[in-house]
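K.L.:
One letter stands for each residue in the lines below.
There are 2 protein chains.
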Amino acid sequence: MREVAVIGVGMNRWGELWEKSHRTIWTEAALEAIADAGVDRVDAMYVGCMSGGLFVGQEHLGAMLADQLGMGPIPGTRVESACASGGLAFRQACLAVASGAHDIVLATGVEKMTDVDGGAATYALSTAADQEYECYHGITFPGLYAMMARDHMHRHGTTRQQLAAVAVKNHAHGVLNPLAQFPMKVTAEQVMESVMVADPLRILDCSPITDGAAAAVVVPLDMARQLSKQPPVRVAASAHATDALALHDRADLSWLASTAKAAELAYKQAGVGPKDLSFCEVHDCFTIAEIMVIEALGLAERGKGGAAAASGLTALGGKIPVNPSGGLKSKGHPVGATGVAQIRETVLQLRGACGQRQVKNASRGLTQNMGGTGASTVVHILERA
Amino acid sequence: MREVAVIGVGMNRWGELWEKSHRTIWTEAALEAIADAGVDRVDAMYVGCMSGGLFVGQEHLGAMLADQLGMGPIPGTRVESACASGGLAFRQACLAVASGAHDIVLATGVEKMTDVDGGAATYALSTAADQEYECYHGITFPGLYAMMARDHMHRHGTTRQQLAAVAVKNHAHGVLNPLAQFPMKVTAEQVMESVMVADPLRILDCSPITDGAAAAVVVPLDMARQLSKQPPVRVAASAHATDALALHDRADLSWLASTAKAAELAYKQAGVGPKDLSFCEVHDCFTIAEIMVIEALGLAERGKGGAAAASGLTALGGKIPVNPSGGLKSKGHPVGATGVAQIRETVLQLRGACGQRQVKNASRGLTQNMGGTGASTVVHILERA
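Those sequence lines, one after another, are chains A and B. Going by this note's numbering, the first residue of the first sequence is number 65, and it counts up by one from there. Going by this note's numbering, the first residue of the second sequence is number 65, and it counts up by one from there.
If you're looking for bench data, these hints aren't it; they were derived computationally from the structure. Take the hints with a grain of salt, since some may be wrong.
Given that identical chains are not distinguished, each listed pair holds provided it fits within a single copy or across any two copies.
As the list claims (entries may be wrong) - In silico DMTMM-like pairs for lysine to aspartate or glutamate, Cα to Cα no more than 20 Å straight-line: (1) Lys-368 to Glu-83; (2) Lys-383 to Glu-257; (3) Lys-84 to Glu-365; (4) Lys-249 to Glu-328; (5) Lys-332 to Asp-107; (6) Lys-332 to Asp-167; (7) Lys-339 to Glu-253; (8) Lys-424 to Glu-328; (9) Lys-339 to Asp-104; (10) Lys-84 to Glu-196; (11) Lys-84 to Asp-215; (12) Lys-339 to Glu-328; (13) Lys-332 to Glu-80; (14) Lys-84 to Asp-107; (15) Lys-249 to Asp-167.
Note that the structure is a prediction, hence the values are computed from the model and not measured.
This is chain A alone, in the form it adopts within the complex (with noise of 0.2 Å):
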């Protein structure tokens, strides 16, 4: 297999984008990577979108983008994993770049989801879960974290306020990300006393309804040295895992052993473990959900996430800061754009260009974005080149 780069990163401001639409967002996005990374081609695209469908009566999204683009005849691939849709997207992208089959791939995430109403939104998003095992029985998605969250608490005594602290710091990360959709302090007297939405759940551990994109270009490792405006940087591993799908066929309630899975694939390419890590971007889809992913990772000990995060461990300026950019929390979570929101952030941060929000000697990240309660999940590994 080749090695693979990334040259080239894009993505809009998310938001409530009313005056735009699902196309002309994604279209910004993959223009801005294009121009980032200075190249005059591509030889095919991914591009990751959990529901066109549903949100926007939309599907066929490869041909329609390509075409959007003015890059018809190239191939366009749309590739789907709930939540996951971006990460996927961008692992597919490298494995084209990988096999030799293309050379200028990019690898796009899009959702627009506010074109809906409410009670259409959360059924779209419904169908990441099992729809004849628990959504037919009324559950919806912070239902389901609620009871991880539940579980969590009631084995290894995680409490309301570490739960809050993921809140906190995400949306202290995103007052100095310009492209957040909620770029607001918060206090964690203020997620404690948020409208609950399934307890312990409230309306501030919950991540918002976005409409957005983002897009990065990838090429095999000897072009992007040569042909780089930008400082290329190395995908050192690239890892997908699946779990149940249903939360009631898992072992362990608030263990995600997808996520643990494709991190122990990840390693393993890279030849490194968590404490080489310089920073992390992970799929904070509610605050409990952040404090799992961080225990599947490896970056705190299994039950003691909520301890963690409330220890300013993750903080910018702490150990291993998580969700520099603010997170799906704070940046926002348009489902089909967050895997490739995550790339773009993890680059732009080994290329030290992000400011106030920079990681200081910021030299290996990883990526985790997870599907539905995480019965699927893809971690990447990205490294100075």
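Fit chain B to the supplied structure of chain A, relying on the hints for placement.
P.N.:
For chain B alone, coordinates are given in the frame of chain A:
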């Protein structure tokens, strides 16, 4: 890139499978392919599905079906390109094997289309066209293909009888396929007197709404020679191309540019031309589609596809049999599964295992699977190894 081979295939009886769920339908085909290959593990899997969201309210299909198969934590990736989703899933599986990322990869396609009412199915299918520029104005797929048919008739003198000849031929083949949804003979008169859908296309010019799945096991060619119970079939070419999504953006309404481009790439990869093929499985979603496809593949001259179909050239026993399986028209068209079923038929033909519908001395077959009105096409060439 490593050379790739197919060592196992599976497919269930297609039709209105009201007693079986989406996951059950998929699992039947997947298990048959695994048994046919004689492997005791799968390293990764791809699922082609057009719209799990709109047809059955279930996205996140890669994780769900890996779980359903009891194969978690293996990576399960869902790929979508409208009605070309299956062909594209097979292509991604080939790339994953070619790259060296995985050895034994299951390529699958599935769609359950009959659990919604007719209007909802028509809407779901319309998301393969351009929602903003075509569907909002009321057009559906029979209407789009009717415009292509009218253009072809106007410019090339294609006749109503020639359209009917495609349906007559494919139903005659389908009678010989025990898994076909509509294994019944039809006459040209029956086709031309059947209910009008969108002038000039009548109900017997249209492929049906279908539930079904298909699967194939892909491995490195070296491994195939050691591992397989069955004679391995080599993937000599895999190509994917796109075109404008909306018909109005095309230079020529009745020329399938994405099919011509994908075929050109595939012939070059395999080092062969149309005359070197023993047979083809192509995307006859409407009778006019097969006529345009055989022109774009170079099996007939431009504008002469109708005459070629009526001449018997493409019938079993003709010079280049097209759709020996019965095609989408008679076999059925569960949109995400179709591309993989084409691979299954091609593999079985190359094994000489097709009984009454066997193409004599079959040594090389081509599959052509397209999305929408041809905005995406995936072409594969398979050979006896």
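K.L.:
None of the hints should be skipped; say for each whether it holds.
P.N.:
Structure-based check of all given hints:
1. In this assembly of identical chains, Lys-368 and Glu-83 lie within 20 Å of each other by CA distance neither inside one copy nor across copies; the values are 44 Å within and 47 Å between.
2. For a Cα distance limit of 20 Å, the shortest separation of Lys-383 from Glu-257 qualifies neither inside one copy, at 29 Å, nor across copies, at 76 Å.
3. When the C-alpha separation of Lys-84 and Glu-365 is checked against a cutoff of 20 Å, the pair qualifies neither within a copy, at 44 Å, nor between copies, at 44 Å.
4. With identical chains, the CA atoms of Lys-249 and Glu-328 are never at most 20 Å apart, being 34 Å at best within one copy and 56 Å at best between copies.
5. Taking the shortest alpha-carbon separations for Lys-332 and Asp-107, only the inter-copy value of 17 Å comes in at or below 20 Å, while the best intra-copy value is 30 Å.
6. Taking the closest pair of Cα atoms, Lys-332 and Asp-167 come within 20 Å of each other only across two copies (18 Å); inside a single copy the shortest separation is 26 Å, beyond that limit.
7. In the homo-oligomer, the alpha carbons of Lys-339 and Glu-253 never lie at most 20 Å apart, since the shortest distance is 32 Å inside one protomer and 75 Å across protomers.
8. In the homo-oligomer, the alpha carbons of Lys-424 and Glu-328 never lie at most 20 Å apart, since the shortest distance is 26 Å inside one protomer and 51 Å across protomers.
9. In this assembly of identical chains, the alpha carbons of Lys-339 and Asp-104 never lie at most 20 Å apart, being 39 Å within a copy and 37 Å across copies at closest.
10. Taking the shortest Cα distances, Lys-84 and Glu-196 sit within 20 Å of each other only across copies (13 Å), while inside one copy they are farther apart (35 Å).
11. Within a single copy, Lys-84 and Asp-215 get their C-alpha atoms no closer than 41 Å, and across copies no closer than 35 Å, so neither meets the 20 Å cut-off.
12. In this homomeric assembly, Lys-339 and Glu-328 come within 20 Å of each other (Cα to Cα) only inside a single copy, at 13 Å, whereas the closest approach across copies is 50 Å.
13. For the identical chains of this complex, Lys-332 and Glu-80 are neighbours neither inside a copy (40 Å) nor across copies (47 Å), given an alpha-carbon limit of 20 Å.
14. Neither within a single protomer nor between protomers do Lys-84 and Asp-107 lie at most 20 Å apart by alpha-carbon distance, with minima of 27 Å and 41 Å respectively.
15. Neither within a single protomer nor between protomers do Lys-249 and Asp-167 lie at most 20 Å apart by alpha-carbon distance, with minima of 42 Å and 48 Å respectively.
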